[in-house]
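Colleague: With chain A fixed as given, assemble chain B onto it according to the hints.
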Amino acid sequence: EAQVTQNPRYLITVTGKKLTVTCSQNMNHEYMSWYRQDPGLGLRQIYYSMNVEVTDKGDVPEGYKVSRKEKRNFPLILESPSPNQTSLYFCASSLSGTGGYEQYFGPGTRLTVT
Amino acid sequence: AQTVTQSQPEMSVQEAETVTLSCTYDTSESDYYLFWYKQPPSRQMILVIRQEAYKQQNATENRFSVNFQKAAKSFSLKISDSQLGDAAMYFCAYRSLYMNYGGSQGNLIFGKGTKLSVKP
Chain A
1 EAQVTQNPRY
11 LITVTGKKLT
21 VTCSQNMNHE
31 YMSWYRQDPG
41 LGLRQIYYSM
51 NVEVTDKGDV
61 PEGYKVSRKE
71 KRNFPLILES
81 PSPNQTSLYF
91 CASSLSGTGG
101 YEQYFGPGTR
111 LTVT
Chain B
1 AQTVTQSQPE
11 MSVQEAETVT
21 LSCTYDTSES
31 DYYLFWYKQP
41 PSRQMILVIR
51 QEAYKQQNAT
61 ENRFSVNFQK
71 AAKSFSLKIS
81 DSQLGDAAMY
91 FCAYRSLYMN
101 YGGSQGNLIF
111 GKGTKLSVKP
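Protein chains in written order, with this note's numbering: chain A, 1 to 114; chain B, 1 to 120.
Incorrect hints may have been included.
Said to hold, decoys possible - Below, in silico cross-link-like pairs of lysine-lysine (DSSO-like), each with a Cα-Cα straight-line distance of 30 Å or less:
{"hint": "1", "chain 1": "A", "residue 1": "K57", "chain 2": "B", "residue 2": "K112"}
{"hint": "2", "chain 1": "A", "residue 1": "K65", "chain 2": "B", "residue 2": "K112"}
{"hint": "3", "chain 1": "B", "residue 1": "K78", "chain 2": "B", "residue 2": "K119"}
{"hint": "4", "chain 1": "B", "residue 1": "K73", "chain 2": "A", "residue 2": "K57"}
What the hints contain is simulated information worked out from the structure, not anything from laboratory work.
Predicted, not measured: the structure shown is a model, and the values here were computed from it.
In isolation and in its complexed conformation, chain A is listed as follows:
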């Protein structure tokens, strides 16, 4: 089954404790992206990757890091989480970063930073 998977689905952590949210897709997509969803704000892009070893900032990159060492994986790293990073996070992938290809979303990761 074609899908985007994220782990963990739920995470409660404390300020300053490094964490990684994994994202994997099995569709051989070139383009992958991370979004965060906050009430009343919709979804906003954090980082994206056009292909392996090619990553760049989205609209709200502060406090986040990413890497793309393999085509299928695109982990999101919070080196020193803060309470304002409490949010619902989505990983998404599409065939390409150009054109109108559908972006497939993962199931979301609910992160709480206390």
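Modeller: Relative to the frame of chain A, chain B by itself:
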């Protein structure tokens, strides 16, 4: 920079009736894509319908159709014969064909969403 506005935070419809969700956007580009995504309580983001800006014909997917008015920069979603399973948050989204202003590539720019309730 492109923006997407959904002016209706909440909407309600009777089962089997028709409802229209509004979306307007701002862009200086001539080629782009527009999407409607559905987010049910499970939080999964599901693509409902997609429209290419260069196509004048409005997209349709079963009970879902859009009214795309390029000159007015309007992209509304019509749901016919509403069902209980249509209850969800609906997001309108814009995607540039090329590099977005500020350098973000492939970014979906979302509106703030409309919460749709369906009454039995």
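Colleague: Now look at each hint and say whether the structure bears it out.
Modeller: Hints, verified against the model:
Between K57/A and K112/B, the direct Cα distance comes to roughly 21 Å. Compliance with the 30 Å bound is thereby established for this hinted pair. For the suggested pair K65/A and K112/B, the alpha carbons sit about 25 Å apart, so the restraint of at most 30 Å is met. Taking the CA atoms of K78/B and K119/B, the gap is about 17 Å. The hint holds against a cut of 30 Å. Under the criterion of a C-alpha separation no larger than 30 Å, the hint pairing K73/B with K57/A is consistent with the structure, at around 27 Å.
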